[in-house]
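With chain A held as given, fit chain B onto it using these hints.
There are 2 protein chains.
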Amino acid sequence: MTVRAVYALTGDIRAARDRAEALAVEQSHEFPPELAPAKAAPSRAHVVSVEERGPGLALATVDFPSDLSGNELTQVLVMVFGNCALLPGVRLVDLDVSPELAAAVGGGPALGVDGVRRVLEVPKRPILATALKPVGLPSEDLAALGRAFAEGGIDLIKDDQGLGDQRWAPYAERVPRIAEAVAAGNAASGNAARYLPCFDAPPEHVEERLRIALEAGAGGLLVVPGVGGLPLVRWLARNTPDDFVLLAHPALLGGLAVSPTAGIAPDVLYGLLLRLAGADAAIFPSYGGRFSFSPEECRAIAEGCARPFAGLAPSLPAPGGGMRPDRVPELVDFYGRDVVLLIGGELHREGDPRGTSERFRALVDPLA
Amino acid sequence: MTVRAVYALTGDIRAARDRAEALAVEQSHEFPPELAPAKAAPSRAHVVSVEERGPGLALATVDFPSDLSGNELTQVLVMVFGNCALLPGVRLVDLDVSPELAAAVGGGPALGVDGVRRVLEVPKRPILATALKPVGLPSEDLAALGRAFAEGGIDLIKDDQGLGDQRWAPYAERVPRIAEAVAAGNAASGNAARYLPCFDAPPEHVEERLRIALEAGAGGLLVVPGVGGLPLVRWLARNTPDDFVLLAHPALLGGLAVSPTAGIAPDVLYGLLLRLAGADAAIFPSYGGRFSFSPEECRAIAEGCARPFAGLAPSLPAPGGGMRPDRVPELVDFYGRDVVLLIGGELHREGDPRGTSERFRALVDPLA
Numbered sequence: 171m172t173v174r175a176v177y178a179l180t181g182d183i184r185a186a187r188d189r190a191e192a193l194a195v196e197q198s199h200e201f202p203p204e205l206a207p208a209k210a211a212p213s214r215a216h217v218v219s220v221e222e223r224g225p226g227l228a229l230a231t232v233d234f235p236s237d238l239s240g241n242e243l244t245q246v247l248v249m250v251f252g253n254c255a256l257l258p259g260v261r262l263v264d265l266d267v268s269p270e271l272a273a274a275v276g277g278g279p280a281l282g283v284d285g286v287r288r289v290l291e292v293p294k295r296p297i298l299a300t301a302l303k304p305v306g307l308p309s310e311d312l313a314a315l316g317r318a319f320a321e322g323g324i325d326l327i328k329d330d331q332g333l334g335d336q337r338w339a340p341y342a343e344r345v346p347r348i349a350e351a352v353a354a355g356n357a358a359s360g361n362a363a364r365y366l367p368c369f370d371a372p373p374e375h376v377e378e379r380l381r382i383a384l385e386a387g388a389g390g391l392l393v394v395p396g397v398g399g400l401p402l403v404r405w406l407a408r409n410t411p412d413d414f415v416l417l418a419h420p421a422l423l424g425g426l427a428v429s430p431t432a433g434i435a436p437d438v439l440y441g442l443l444l445r446l447a448g449a450d451a452a453i454f455p456s457y458g459g460r461f462s463f464s465p466e467e468c469r470a471i472a473e474g475c476a477r478p479f480a481g482l483a484p485s486l487p488a489p490g491g492g493m494r495p496d497r498v499p500e501l502v503d504f505y506g507r508d509v510v511l512l513i514g515g516e517l518h519r520e521g522d523p524r525g526t527s528e529r530f531r532a533l534v535d536p537l538a
Numbered sequence: 171m172t173v174r175a176v177y178a179l180t181g182d183i184r185a186a187r188d189r190a191e192a193l194a195v196e197q198s199h200e201f202p203p204e205l206a207p208a209k210a211a212p213s214r215a216h217v218v219s220v221e222e223r224g225p226g227l228a229l230a231t232v233d234f235p236s237d238l239s240g241n242e243l244t245q246v247l248v249m250v251f252g253n254c255a256l257l258p259g260v261r262l263v264d265l266d267v268s269p270e271l272a273a274a275v276g277g278g279p280a281l282g283v284d285g286v287r288r289v290l291e292v293p294k295r296p297i298l299a300t301a302l303k304p305v306g307l308p309s310e311d312l313a314a315l316g317r318a319f320a321e322g323g324i325d326l327i328k329d330d331q332g333l334g335d336q337r338w339a340p341y342a343e344r345v346p347r348i349a350e351a352v353a354a355g356n357a358a359s360g361n362a363a364r365y366l367p368c369f370d371a372p373p374e375h376v377e378e379r380l381r382i383a384l385e386a387g388a389g390g391l392l393v394v395p396g397v398g399g400l401p402l403v404r405w406l407a408r409n410t411p412d413d414f415v416l417l418a419h420p421a422l423l424g425g426l427a428v429s430p431t432a433g434i435a436p437d438v439l440y441g442l443l444l445r446l447a448g449a450d451a452a453i454f455p456s457y458g459g460r461f462s463f464s465p466e467e468c469r470a471i472a473e474g475c476a477r478p479f480a481g482l483a484p485s486l487p488a489p490g491g492g493m494r495p496d497r498v499p500e501l502v503d504f505y506g507r508d509v510v511l512l513i514g515g516e517l518h519r520e521g522d523p524r525g526t527s528e529r530f531r532a533l534v535d536p537l538a
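Listed in order, the protein sequences are those of chains A and B.
Using my numbering, the final residue of the first sequence is 538, and nothing's skipped along the way.
Using my numbering, the final residue of the second sequence is 538, and nothing's skipped along the way.
Check before you lean on any hint, since a few could be wrong.
Interface residues of chain A toward chain B, partial, derived using beta-carbon atoms under 8 Å [said to hold, decoys possible]: (1) S236; (2) D237; (3) N253; (4) G332; (5) R337; (6) P372; (7) G387.
Sample of chain B residues lacking proximity to chain A, with all beta carbon distances greater than 10 Å (derived) [unchecked claim]: (8) E200; (9) G226; (10) E350; (11) G360; (12) E378; (13) P465; (14) E467; (15) V502; (16) F504.
These are computed hints drawn from the structure, not numbers from a lab.
Glycine is no exception: its CB is placed at the ideal position from the N, C-alpha and C atoms.
Isolated chain A, as found in the complex (with noise of 0.2 Å):
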């Protein structure tokens, strides 16, 4: 039970391996070596080796004693990022956690990919997302569009991140109002559509707001770890039904990524993290939309979804930020079918979210 991490060290590495030796002294024991009892050796995290990969950058691989972890997520963030984060020229590039730990902590994603396919009904088709929105609309307006998505195909219907408990349209009367009308579009048109609402509850509301949100039928939940914090994602993946889709949103979080030399890797945060943390989805913004990562970082995120981790399920990609239904086929094509489309406001063009929603879905029925 071990967790190995990898930071990518930039700026000036000649002293790369006095730089990797502090940053396992910072994120475990956080005390001067020399003053250190030899009775808390077993808490001390070790330099594995360093790399240097060029003029400035160098790769630092430090193992973690797992007990550090005392098998809680909580303690397993602090350790790989904690104090790290407050460094520029510092990067998590890369993260492995032994399935035994990864247990301990948590277990990942409660349904991963094949899950979510089984409970959508879509074994090999990518998954078609939309959001409700503007926030600002009465329930009764975001429950007909809810309506209208699900007569038209589309997988996972979620609340914009921006729906809160605000007057225009409360949780505890959207939500009910919602997932209703999504029912019935499913019932109308045969489809499996899922209703997710937007979970960012304080705490003093996440049994209140989670009761409704079960009550009323809904079929998972968009969850905003970067808001609530990554345990409360794990905390849903353990206290909710079997089939209960999470959809995590970068808000907030997403910031961790954006430095290409500081934070967290993007693979990592999106695709290992939340991984680990629970989410059986994560939105990240794709390239050639409102935000800036690159092909190649996207490319990583759908990976880091996908690719053995801790013994965990792998979890689902889900681009958005600016998606277009034109642009489903390259989508496909570079993400595969293993993907969520997350595809916005352009649902709303024409007026008639359920007719462009069926055009949505008729670009990937063809890849069932």
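Positioned in the frame of chain A, the structure of chain B alone reads:
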């Protein structure tokens, strides 16, 4: 009740006005403006001004309708910095929140500077803090350190953020043991030190671990909002005794403030946002230590803790990250008296934590 945010736009600002307009949409409707229904207009954010500040910098001021927050900290965070976090070249550099909304979302620090001084019985001088570490020591060793620091005159004795619920010193064993030792140190010395356990409990353990801390007589908590979420700080501020000190640790969260052209400016993050969440004091990596903030950034953080904001109590800046007692005069000169001077590993020099604490304390006693 309005929220106003200022964003620094860097890079190509020839189209700064367009970028600002797109940002206001991104952070509220996230919907093509030409398609937005008229009835959703009240939930839309608006650009107040765009000021060019040089060839590569513009400041965009955006007003948000306060109803967009739903009176919850979670949505305030999504609103002012949700998708914005994903954008390089956009940085949140200032924030104003109406006192009514700030009160509705939590009310800020329960103690603030004056309250912390009152409960610590330290009316004027800088407050001293240290950390119990390294992780890996058994509870009795950490307790002995706690007693020595209390006897030596340290005011806030916190667990290291790496102390979770590991086998070497399980939370339920460690917290009562250390609290008792600090109380004994106070009794022997006449000091009024407080012990702050590290609180990074996963959701299912939040109430139980808080109960343990309260029953043990802990004087507050070291919270890690980057792990547990800023809303948990707010929840703790509202669900703990009036004299409970909440000290925030920057693990993970601080990664949002590292890039000079993205994320959140350090004074907004460590000052304003942590105050809004309810932290009485905020640890940050000081200039001149192991991390990288400039003196200007550190001064801004101290100002962010102190300046009028949303009618909230000021908080205490807690510079740390490789401080040394011999820098006390310089640090006090720089930060002023309303500061928590956090010195960790250096107090362990010479194998005499009580003696080094006494000497640390003697440096600030003349300022009482």
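Among all the numbered hints in the text so far, which are the ones the structure does not match?
-> 1, 7 and 8
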